[in-house]
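Student: Going line by line, the protein sequences match chains G and H. With our numbering as the guide, the letters of the first sequence map in order to residues 339 to 450. With our numbering as the guide, the letters of the second sequence map in order to residues -13 to 101.
These are computed hints drawn from the structure, not numbers from a lab. A couple of the hints might just be wrong.
Selected chain G positions facing chain H (Cβ under 10 Å, derived; list incomplete) [said to hold, decoys possible]:
no., residue
1, I342
2, Q344
3, K347
4, P380
5, D394
6, F428
7, C429
8, A430
9, S431
10, Y437
11, T438
12, F441
Beta carbons: idealized from backbone N, C-alpha and C, even for Gly.
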Amino acid sequence: DPKIIQKPKYLVAVTGSEKILICEQYLGHNAMYWYRQSAKKPLEFMFSYSYQKLMDNQTASSRFQPQSSKKNHLDLQITALKPDDSATYFCASSQWGGYTLYFGAGTRLSVL
Amino acid sequence: QQQVRQSPQSLTVWEGETAILNCSYEDSTFNYFPWYQQFPGEGPALLISISSVSDKKEDGRFTIFFNKREKKLSLHITDSQPGDSATYFCAASEDTGANTGKLTFGHGTILRVHP
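From just these sequences and the hints, can you work out the full model?
Tutor: Right under this line is the structure:
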């Protein structure tokens, strides 16, 4: 059974709309992360959260907002979607300070 | 600015051969280098890692060779199996005493192992 659940697996959106990507982890970790993988760029770190607090933010745009309602949840809200936002978004988790990250299967977002 | 580079982009070997995947980096503050393996439709999974205090790390058929002076490392997969066919990512992070989970990834090498 997957220990990091990302929903949905595929998502199609129109330019200007808003979407929420869901991530839940059942590994008992206290840190969660979002990474993005686009066609032209390697996996890029976006955010890290520990104990539901933002620890690091490497996204330049405020259109990307992580939301943590529970300690094992870290959703990603993306507003005013653009075609350049098309990518696969990966959620990951670890113990805070640990070096081994565990990744989910990703949500592939296509913005038309 | 791409800080972690991988070569080749793709590699094909026959079953039983040794596959060599290369990685180089620019940032001297990087001191931890994990390799991740990714199969289609799945997320990356940690395969093996090395810290900058070592020059070699071995785990079964997988070995990392690390050259700190040249800022290069390589992943050797001996006795390659068709099940090793995947994309391999070299990544790097710096130990600032408070690891934030930020890894810098290369573009990956697609490995195909023919039976």
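Student: A separate judgement is required for each hint: does it hold in the structure or not?
Tutor: Do the hints match the structure? See the list:
1. I342: The hint holds - I342/G has a Cβ within 10 Å of chain H, the shortest such distance being about 7 Å.
2. Q344: holds (8 Å)
3. K347: holds (9 Å)
4. P380: Constraint on P380/G satisfied, holds at 4 Å.
5. D394: Because about 4 Å separates D394/G from the closest Cβ in chain H, which is inside the 10 Å limit, the hint holds.
6. F428: holds (5 Å)
7. C429: Since chain H brings a Cβ to about 8 Å from C429/G, closer than 10 Å, the hint holds.
8. A430: With a closest approach of 7 Å, the A430/G hint holds.
9. S431: holds (9 Å)
10. Y437: holds (6 Å)
11. T438: Check passed: Cβ of T438/G comes within 5 Å of chain H, closer than 10 Å.
12. F441: F441/G check passes; min Cβ-Cβ to chain H is 3 Å, inside 10 Å.
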